[in-house]
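In order, the protein sequence lines correspond to chains A and B.
Per the working numbering, the first sequence starts with residue 1, numbered consecutively.
Per the working numbering, the second sequence starts with residue 1, numbered consecutively.
Hints listed in this document are in silico derivations from the structure and should not be mistaken for laboratory results.
Here the structure is a predicted model, which is why all the values come from computation and not from measurement.
A few of these clues could be false.
[As the list claims (entries may be wrong)] Taking CB as the label site, the calculated pair distances span:
{"#": "1", "chain 1": "B", "residue 1": "Ala-278", "chain 2": "A", "residue 2": "Gly-171", "range": "36 to 46 Å"}
{"#": "2", "chain 1": "A", "residue 1": "Phe-306", "chain 2": "B", "residue 2": "Gly-218", "range": "41 to 51 Å"}
{"#": "3", "chain 1": "A", "residue 1": "Tyr-558", "chain 2": "B", "residue 2": "Glu-280", "range": "31 to 41 Å"}
{"#": "4", "chain 1": "A", "residue 1": "Arg-400", "chain 2": "B", "residue 2": "Thr-375", "range": "47 to 57 Å"}
{"#": "5", "chain 1": "B", "residue 1": "Pro-360", "chain 2": "A", "residue 2": "Asn-616", "range": "36 to 46 Å"}
{"#": "6", "chain 1": "B", "residue 1": "Ala-204", "chain 2": "A", "residue 2": "Pro-511", "range": "33 to 43 Å"}
[To be verified] Covered, in the sense of this in silico footprint (three residues per stretch, anywhere, with C-beta under 8 Å from a C-beta of chain A), are these stretches of chain B:
{"#": "7", "stretch": "74-82"}
{"#": "8", "stretch": "160-168"}
{"#": "9", "stretch": "415-426"}
{"#": "10", "stretch": "461-473"}
{"#": "11", "stretch": "516-528"}
For every residue, glycine included, the Cβ atom is placed at its ideal position computed from N, Cα and C.
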Amino acid sequence: MAQKYARPSPGEGFTARRMGISGDIQAMTMVQKFSLLRSAHSIRPSVVLQSPTYRNEALDAPPGPEGGCKAMRKSYQVWIPIFLVCLLTAAASAQSFQVQCPTSTITHPLTGTNCDTNPLGPGCNNKSPDYTAPTYTSGQGYDANGAGHVNGAIKCQQISGGDGFATMGDGTQTYLFAFGPLSGLADMSNGLPGTQSPNVFNTAYSGTFQPGDPATTDGASQSPYSLGNPNLFAFNGAVGLAPETYTDPNTGNPVTVMNGHVDVRQIMDVGVLNGNMPAPLMAIDEDDEFFLTLTNVGQVMRPDLFEQHTVHFHGYPNASAFYDGVPDASVAINIGGSFTYYYLAPDAGTYFWHCHITPPEHLQMGMVGQIYVRPRQNRVPVGISLYGALDRQQHDLRTRCDNNDILCSNPLPAINTGATQVAGRKYAYNDGDGSTAYDVEYPIQIHGFDPNFHFVGMTFNPEGFTEMKDKYFLLNGRSYPDTIHDGPLATQSTDGAMHYSQPLSSIINIPAGGKALLRIADLDVTEHQTLASLGIPMTVIALNAKLLRDQGGNNLYYNTNSITLGGGESLDVILDASDTTKYPAGSVFYLYTPNLDHLSNDAENFGGLMTEVRIN
Amino acid sequence: MRTTNMNKKIAKTQLLVALMVAVALLLTPAAQAAAPGITGPTFNLTAQPAFITQPDGSFVYSWGYGCNGAPTAFAPAAISGGTCPSMQVPGPTLIVRQGQTVTVNLANNLPARAGNTSILFPGFNVTTSGGVAGLLTQEAVPATGAGCVPATACVSYTFTATTPGTRSYYSGTQGDLQVEMGMYGAIIVLPSTVPSACTSGVHATNLTAKQPNQVHAGLEGDFRLEAAAYNHPGACYDREYLFQFSEMDPRIHREAEQVATCVAAGAVTCPANMDGVATEPYVPAFFMINGRSMPDDMDGNYAPQYPHQPYNGNPHMHPGELVLLRIIGQGRWQHPFHEHGNHVRVLARDGNLIQSATNPATNLAGPLLFTTTTTPGEAIDGIFYWTGKGLNWDPYGHAPGTTSATCTPDSNGYNTGAPGAINYFEWCQDHNKPLQATPVGSVGAGGPITLPNPNIFANGAWYGGSPYLGPEATVRAVGPTGTTPPSGTVANSPTDEAGFAFMWHSHNEREITTNNIFPGGMMMMMLVDSREFVIDESF
Numbered sequence: 001m002a003q004k005y006a007r008p009s010p011g012e013g014f015t016a017r018r019m020g021i022s023g024d025i026q027a028m029t030m031v032q033k034f035s036l037l038r039s040a041h042s043i044r045p046s047v048v049l050q051s052p053t054y055r056n057e058a059l060d061a062p063p064g065p066e067g068g069c070k071a072m073r074k075s076y077q078v079w080i081p082i083f084l085v086c087l088l089t090a091a092a093s094a095q096s097f098q099v100q101c102p103t104s105t106i107t108h109p110l111t112g113t114n115c116d117t118n119p120l121g122p123g124c125n126n127k128s129p130d131y132t133a134p135t136y137t138s139g140q141g142y143d144a145n146g147a148g149h150v151n152g153a154i155k156c157q158q159i160s161g162g163d164g165f166a167t168m169g170d171g172t173q174t175y176l177f178a179f180g181p182l183s184g185l186a187d188m189s190n191g192l193p194g195t196q197s198p199n200v201f202n203t204a205y206s207g208t209f210q211p212g213d214p215a216t217t218d219g220a221s222q223s224p225y226s227l228g229n230p231n232l233f234a235f236n237g238a239v240g241l242a243p244e245t246y247t248d249p250n251t252g253n254p255v256t257v258m259n260g261h262v263d264v265r266q267i268m269d270v271g272v273l274n275g276n277m278p279a280p281l282m283a284i285d286e287d288d289e290f291f292l293t294l295t296n297v298g299q300v301m302r303p304d305l306f307e308q309h310t311v312h313f314h315g316y317p318n319a320s321a322f323y324d325g326v327p328d329a330s331v332a333i334n335i336g337g338s339f340t341y342y343y344l345a346p347d348a349g350t351y352f353w354h355c356h357i358t359p360p361e362h363l364q365m366g367m368v369g370q371i372y373v374r375p376r377q378n379r380v381p382v383g384i385s386l387y388g389a390l391d392r393q394q395h396d397l398r399t400r401c402d403n404n405d406i407l408c409s410n411p412l413p414a415i416n417t418g419a420t421q422v423a424g425r426k427y428a429y430n431d432g433d434g435s436t437a438y439d440v441e442y443p444i445q446i447h448g449f450d451p452n453f454h455f456v457g458m459t460f461n462p463e464g465f466t467e468m469k470d471k472y473f474l475l476n477g478r479s480y481p482d483t484i485h486d487g488p489l490a491t492q493s494t495d496g497a498m499h500y501s502q503p504l505s506s507i508i509n510i511p512a513g514g515k516a517l518l519r520i521a522d523l524d525v526t527e528h529q530t531l532a533s534l535g536i537p538m539t540v541i542a543l544n545a546k547l548l549r550d551q552g553g554n555n556l557y558y559n560t561n562s563i564t565l566g567g568g569e570s571l572d573v574i575l576d577a578s579d580t581t582k583y584p585a586g587s588v589f590y591l592y593t594p595n596l597d598h599l600s601n602d603a604e605n606f607g608g609l610m611t612e613v614r615i616n
Numbered sequence: 001m002r003t004t005n006m007n008k009k010i011a012k013t014q015l016l017v018a019l020m021v022a023v024a025l026l027l028t029p030a031a032q033a034a035a036p037g038i039t040g041p042t043f044n045l046t047a048q049p050a051f052i053t054q055p056d057g058s059f060v061y062s063w064g065y066g067c068n069g070a071p072t073a074f075a076p077a078a079i080s081g082g083t084c085p086s087m088q089v090p091g092p093t094l095i096v097r098q099g100q101t102v103t104v105n106l107a108n109n110l111p112a113r114a115g116n117t118s119i120l121f122p123g124f125n126v127t128t129s130g131g132v133a134g135l136l137t138q139e140a141v142p143a144t145g146a147g148c149v150p151a152t153a154c155v156s157y158t159f160t161a162t163t164p165g166t167r168s169y170y171s172g173t174q175g176d177l178q179v180e181m182g183m184y185g186a187i188i189v190l191p192s193t194v195p196s197a198c199t200s201g202v203h204a205t206n207l208t209a210k211q212p213n214q215v216h217a218g219l220e221g222d223f224r225l226e227a228a229a230y231n232h233p234g235a236c237y238d239r240e241y242l243f244q245f246s247e248m249d250p251r252i253h254r255e256a257e258q259v260a261t262c263v264a265a266g267a268v269t270c271p272a273n274m275d276g277v278a279t280e281p282y283v284p285a286f287f288m289i290n291g292r293s294m295p296d297d298m299d300g301n302y303a304p305q306y307p308h309q310p311y312n313g314n315p316h317m318h319p320g321e322l323v324l325l326r327i328i329g330q331g332r333w334q335h336p337f338h339e340h341g342n343h344v345r346v347l348a349r350d351g352n353l354i355q356s357a358t359n360p361a362t363n364l365a366g367p368l369l370f371t372t373t374t375t376p377g378e379a380i381d382g383i384f385y386w387t388g389k390g391l392n393w394d395p396y397g398h399a400p401g402t403t404s405a406t407c408t409p410d411s412n413g414y415n416t417g418a419p420g421a422i423n424y425f426e427w428c429q430d431h432n433k434p435l436q437a438t439p440v441g442s443v444g445a446g447g448p449i450t451l452p453n454p455n456i457f458a459n460g461a462w463y464g465g466s467p468y469l470g471p472e473a474t475v476r477a478v479g480p481t482g483t484t485p486p487s488g489t490v491a492n493s494p495t496d497e498a499g500f501a502f503m504w505h506s507h508n509e510r511e512i513t514t515n516n517i518f519p520g521g522m523m524m525m526m527l528v529d530s531r532e533f534v535i536d537e538s539f
């Protein structure tokens with residue numbers, strides 16, 4: 001019996017979860033159950049609610065209902081997609097979905113007390129702590145009880161890789177290959193990142209997921225603008241996370257744990273056709289560990305493709321090839337599988353991420369999103385000198401920046417402005433002089449769609465890369481005037497359900513006298529894009545997630561009226577509305593593209609890359 | 001030329017490409033790159049037509065500069081088998097020393113109807129002799145016989161290489177056509193003085209690490225042209241590469257070929273010149289790095305199967321090595337060249353070092369970019385490295401009890417005291433930090449991540465077989481076959497190289513295609529190799 005199924009290869013542990021639909025597979029997993037349970041038991045914690053890092057192959061739930069076909073619930077108008085959904089959910093029964101969000105790691109050990117009642121307390125890893133000292137000074141090796149503890153927190157997110165539909169500025173519904181959210185759904189429908197701390201992520205949904213959630217529960221009934229209430233759906237945890245019960249072989253008692261086991265039906269109900277444009281927003285803090293689970297739910301509209309997906313974190317310094325998301329250089333996740341990417345947060349800045357499978361196709365089709373990293377300077381206690389805090393960073397070799405490292409960009413500033421931390425103030429980078437402070441921040445993802453390519457992408461026709469030409473121009477997945485529509489934008493997909501396809505507007509609201517940070521990234525696959533500011537000048541403070549400062553500590557920020565980005569580039573801009581005479585409350589300015597042909601929605605001659613800047 | 005059934009072709013072509021990669025690797029041993037070229041200071045060049053090849057089997061009629069007779073010498077000396085054909089794309093890389101007086105003699109052997117040609121050397125103060133006056137510079141008329149017949153078929157350009165750096169050269173005649181047809185190249189000026197910091201300290205130790213030692217028995221040569229790009233301590237480097245980016249619209253090349261080879265007979269008349277070859281609309285189908293598309297760019301320098309495309313793009317490096325990237329935009333379009341794995345510190349543009357206003361002799365001021373966008377005609381010099389600093393797990397899979405490897409940090413936190421060790425330049429803060437929670441192989445346990453069953457993955461051709469770097473770590477973690485059935489990977493085997501592969505490519509993703517076929521175009525794989533693997537860039 002053991003010969004029918006390969007044992008886990010050396011190095012992989014007891015990780016994949018398999019649910020068989022045939023008797024043979026079920027029988028084999030019984031064999032594996034016993035052999036693995038024997039060896040797994042010695043490392044398995046017997047306490048509940050702890051460490052989803054340990055996954056045990058023996059804990060198979062019975063197959064059956066979760067793998068069933070839900071054709072009866074669907075509309076009669078969508079026969080073929082129903083059929084395909086049935087096929088996929090049947091295939092998904094033999095799946096390896098799981099999530100990982102440990103509450104304790106060797107980098108961030110769980111040292112807090114009463115974390116159940118006070119989850120944001122110190123040592124609970126749910127909140128990035130204040131930065132008061134360099135995290136690691138001894139410079140050598142790693143000590144389980146001392147050095148090596150990096151004073152951040154743990155952040156987790158789950159996303160689906162599949163397809164979906166979006167609404168363009170001229171009302172056209174366009175097919176996407178896309179990532180969709182499988183965590184932080186409530187936050188995302190309010191335009192926030194979908195990243196959560198473990199106490200939020202590791203909760204099971206008490207209700208029943210409806211296909212199209214959160215749009216369905218919110219009552220979105222009209223495309224494109226949701227007329228529902230984005231606050232009805234309030235769940236932010238990992239979709240599908242469900243407790244798992246097994247029998248402790250020592251005591252014979254049932255043990256229930258939350259260890260990353262997921263309910264497949266919940267994942268497929270929410271994940272199929274829930275692609276977002278742009279892909280789910282991610283935000284973490286420096287010193288955090290980030291666990292991103294990618295779950296490949298398949299592409300309903302393209303049953304000819306057994307398409308893998310990956311996540312490439314673009315621009316991460318000293319990235320690892322294994323987690324770099326390039327399929328030729330590492331591994332790519334097949335349909336029915338989950339893969340958890342792991343990174344200690346890179347230096348603060350505006351990065352972005354995208355699929356790296358057949359990039360000319362997958363990026364054009366919409367698998368692009370933003371991730372930004374908040375600086376530890378945000379966590380400096382009130383009243384402390386920012387220069388002093390940056391100086392402390394120089395005492396940890398990992399965060400030190402001087403001429404010994406030619407690729408670091410935030411050395412101590414040449415001038416000590418004496419700036420100290422103010423309550424609630426946020427910075428874009430560890431500037432040490434307060435020069436990157438802002439009041440509000442907005443991610444802006446620039447992209448372009450070629451409608452012909454999206455059509456052939458849905459209909460199995462040959463794709464012409466040389467003729468690729470964008471006709472829709474998107475800020476955060478929408479074209480003007482949708483860019484100034486507040487609230488999520490919903491699109492009806494071929495499964496008959498409404499989905500929040502484009503949750504982010506691009507309205508820039510600046511409090512009167514304040515500053516806005518624009519985190520601008522571009523992943524267009526064919527041409528450069530320019531974004532200009534009519535009214536409020538732009539101050540560019542960083543390029544490619546690195547502060548504009550030279551090795552002498554001089555700030556090299558520059559003022560401009562427009563920025564131009566090619567695919568694969570990002571920068572940070574501050575819109576400074578401090579002068580309330582020039583920029584009084586109630587005034588409206590514009591961000592738009594002086595590539596005037598990009599100010600269009602295909603044949604509509606006004607639209608495209610444009611949005612409003614509102615002084616409140 | 002459009003082909004049908006693209007989607008199927010993508011899948012088939014991926015197989016075909018993988019097969020071609022495998023065959024290519026059989027034909028030429030694993031080859032790396034460098035910045036090879038010819039030295040002068042007098043260069044005798046010609047301009048000629050020839051056909052260059054593309055991975056889809058196309059032969060594209062092109063024009064390019066080449067050597068008119070044997071060059072003075074080839075550089076670097078460590079690369080053997082150098083050739084300088086009479087036509088190549090890009091043109092020969094001219095390597096000179098700061099302060100030298102450079103003379104470039106050009107003979108025009110383009111087809112008669114192509115008309116005059118010339119070379120521009122932006123960034124230099126050029127004096128000319130011979131030829132005829134053109135709009136931008138002196139030009140050479142089409143030759144009708146060998147040896148400067150007529151005399152104006154040859155022209156000379158003379159300049160002093162006053163400052164170091166990388167610059168482009170290209171045709172100054174009917175540039176919209178001639179540059180597109182392939183008339184471009186690079187000129188590298190090496191500094192006359194190199195800072196002592198670049199030949200001592202860690203850069204000297206890096207050279208020691210190339211000697212045969214307990215880790216590898218072979219000598220790893222020094223393939224640099226120099227130890228620094230500029231006379232500035234920030235410009236030291238341990239390895240260097242030259243990448244030139246360009247595109248081709250096959251329609252333009254076809255029409256130029258038709259005009260060039262047209263034979264008047266009866267009612268058929270031939271155009272007198274190339275003015276009728278429309279260079280708009282411009283729809284390139286081929287996107288090249290150093291004149292070749294992926295995967296051809298990863299074959300060796302001077303590979304015999306590309307007689308007119310001698311230069312390649314196949315970067316390798318060891319952790320901690322400072323790598324100089326000489327990046328030039330040729331062709332007509334900008335290309336956002338994205339380097340996976342880390343940022344690049346821009347040292348200079350067009351040979352102009354970017355220095356801080358404060359202590360310029362020690363402080364650089366160029367931007368840090370993870371996407372070094374090329375602009376037509378512009379050259380960028382930049383520094384890149386990879387060390388795994390801040391990864392938060394030990395990429396060598398060290399763990400107490402499984403290996404005896406030690407990591408002794410220097411003042412920057414790296415293990416530089418042992419140039420003979422596998423983990424030379426390891427980032428010591430992460431030494432012994434496990435990645436995996438419960439591995440079966442003998443790498444550290446207790447880490448934050450549980451890896452899924454490898455049977456649910458698709459493995460890439462450059463996947464070393466495990467998350468870890470180097471054969472020693474990979475075999476300890478997953479065994480000699482890695483996790484890639486049936487017998488290891490083609491291009492980065494678990495027992496031989498097992499490096500970390502990073503894709504370096506144009507981020508206008510449409511450009512990583514060859515004639516509508518993915519993968520192709522402006523793409524190459526950069527390998528970070530452990531010290532167990534000898535990086536041999538000699539061919």
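Verify the CB-CB distance for Pro-360/B and Asn-616/A against the hinted window 36 to 46 Å.
45 Å, holds
The stretch 160-168 of chain B covered by chain A? Criterion: 3 or more residues, Cβ-Cβ distance below 8 Å.
As far as the stretch 160-168 of chain B goes, the hint is violated, because 0 residues have Cβ atoms under 8 Å from chain A.
Counting residues of the stretch 74-82 of chain B whose CB is closer than 8 Å to a CB in chain A, do you get three or more?
violated (count 0)
For Tyr-558/A and Glu-280/B, compare the CB-CB distance with the range 31 to 41 Å and indicate the outcome.
34 Å, holds
If you check the beta carbons of Arg-400/A and Thr-375/B, does the distance land in 47 to 57 Å?
34 Å, violated
Whether chain A covers the stretch 461-473 of chain B (at least 3 residues having a Cβ closer than 8 Å to its Cβ atoms):
Since three or more residues must qualify, the claim that chain A covers the stretch 461-473 of chain B holds, with 6 doing so at under 8 Å.
Given the range 41 to 51 Å, decide if the beta-carbon distance of Phe-306/A to Gly-218/B lies inside it.
Holds, since Phe-306/A and Gly-218/B (Cβ atoms, about 42 Å apart) stay within the stated range.
Range hint 33 to 43 Å: satisfied by the CB atoms of Ala-204/B and Pro-511/A?
57 Å, violated
Three residues minimum, CB to CB under 8 Å: does the stretch 415-426 of chain B make the cut for coverage by chain A? Let me know.
Per the Cβ count (0), the hint is violated.
Per the hint of 36 to 46 Å, is the separation of the Cβ atoms of Ala-278/B and Gly-171/A within bounds?
This hint holds: roughly 37 Å between Cβ atoms.
Residues of the stretch 516-528 of chain B with Cβ under 8 Å from chain A, three needed, outcome:
Coverage by chain A holds for the stretch 516-528 of chain B (5 residues, Cβ < 8 Å).
Comparing the model with each earlier hint shows violations of hints 4, 6, 7, 8 and 9; every other hint is respected.
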